[in-house]
Amino acid sequence: GDSVTQMEGPVTLSEEAFLTINCTYTATGYPSLFWYVQYPGEGLQLLLKATKADDKGSNKGFEATYRKETTSFHLEKGSVQVSDSAVYFCALSDPNQAGTALIFGKGTTLSVSS
Amino acid sequence: EAQVTQNPRYLITVTGKKLTVTCSQNMNHEYMSWYRQDPGLGLRQIYYSMNVEVTDKGDVPEGYKVSRKEKRNFPLILESPSPNQTSLYFCASSSIPGQSTTDTQYFGPGTRLTVL
Numbered sequence: 001g002d003s004v005t006q007m008e009g010p011v012t013l014s015e016e017a018f019l020t021i022n023c024t025y026t027a028t029g030y031p032s033l034f035w036y037v038q039y040p041g042e043g044l045q046l047l048l049k050a051t052k053a054d055d056k057g058s059n060k061g062f063e064a065t066y067r068k069e070t071t072s073f074h075l076e077k078g079s080v081q082v083s084d085s086a087v088y089f090c091a092l093s094d095p096n097q098a099g100t101a102l103i104f105g106k107g108t109t110l111s112v113s114s
Numbered sequence: 115e116a117q118v119t120q121n122p123r124y125l126i127t128v129t130g131k132k133l134t135v136t137c138s139q140n141m142n143h144e145y146m147s148w149y150r151q152d153p154g155l156g157l158r159q160i161y162y163s164m165n166v167e168v169t170d171k172g173d174v175p176e177g178y179k180v181s182r183k184e185k186r187n188f189p190l191i192l193e194s195p196s197p198n199q200t201s202l203y204f205c206a207s208s209s210i211p212g213q214s215t216t217d218t219q220y221f222g223p224g225t226r227l228t229v230l
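Protein chains in written order, with the working numbering: chain A, 1 to 114; chain B, 115 to 230.
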């Protein structure tokens with residue numbers, strides 16, 4: 001079945017460092033790909049999405065490119081801030097499996113210190 | 115404001131005492147679902163509903179029930195809670211997945227449940 005694998009955390013960075021969180025997926029169809037962020041004590045918020053190969057999603061300085069050839073959707077940010085400390089989830093939505101809708105990775109905790 | 119609300123936000127209960135967690139959305143979404151989040155496991159889907167009176171099991175439905183009598187509400191029912199249901203629960207809603215490029219799921223703030 002479909003699955004998402006993302007790098008284990010926690011990831012600890014200093015402010016203004018470059019961030020990469022790796023995400024790869026397995027899907028039978030052509031999924032949409034998402035990054036969700038969960039700030040402490042809050043629910044999940046959509047950070048960015050891409051619906052087809054080579055699309056780049058971007059938001060709040062974060063970017064991710066849908067790479068079909070490597071089945072990847074790595075999250076990047078050029079200069080992280082303390083306020084970016086959160087748990088980040090990579091997810092996919094497979095149109096061939098409408099019921100399950102979103103399949104999540106296990107999440108990566110990011111901690112940014114000043 | 116478009117939102118998904120859940121109540122209660124925090125609940126401590128004892129084994130076997132029936133409880134209901136409510137979920138409501140104001141975006142007229144057809145699709146609603148429940149997830150549980152556990153450390154090291156990410157989010158796993160419990161149940162989902164494609165529309166009123168249409169519900170189906172997700173990946174981890176054992177010990178849970180749901181109902182969808184109205185489009186906006188999707189309560190999660192634990193008839194006889196057990197300690198292994200201690201978790202963080204999220205409700206989500208969207209338009210029908212796969213039918214629109216705007217089928218982003220919106221999540222509620224979460225309900226932290228502890229079963230003693």
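Treat the hints as calculated values from the structure; they're not laboratory data.
Since the structure is predicted, the reported quantities are computational estimates derived from the model, not experimental observations.
Errors might be hidden in some of the hints.
Each computed SDA-like pair below joins lysine to any residue, with the alpha-carbon atoms no more than 25 angstroms apart [what the hints assert, rightly or not]:
no., chain 1, residue 1, chain 2, residue 2
1, A, 56, B, 140
2, A, 60, B, 226
3, B, 185, B, 140
4, A, 52, B, 220
5, A, 106, A, 74
6, A, 106, B, 140
7, A, 106, B, 185
8, A, 68, A, 8
9, A, 60, B, 228
Taking the hints in turn, this is what the structure says about them:
1. A:56 to B:140: violated (30 angstroms)
2. A:60 to B:226: violated (28 angstroms)
3. B:185 to B:140: The given pair, whose Cα atoms are some 9 angstroms apart, holds under the 25 angstroms limit.
4. A:52 to B:220: holds (21 angstroms)
5. A:106 to A:74: holds (14 angstroms)
6. A:106 to B:140: At roughly 29 angstroms apart (the allowed maximum being 25 angstroms), residue 140 (chain B) and residue 106 (chain A) break the hint.
7. A:106 to B:185: violated (30 angstroms)
8. A:68 to A:8: holds (22 angstroms)
9. A:60 to B:228: violated (35 angstroms)
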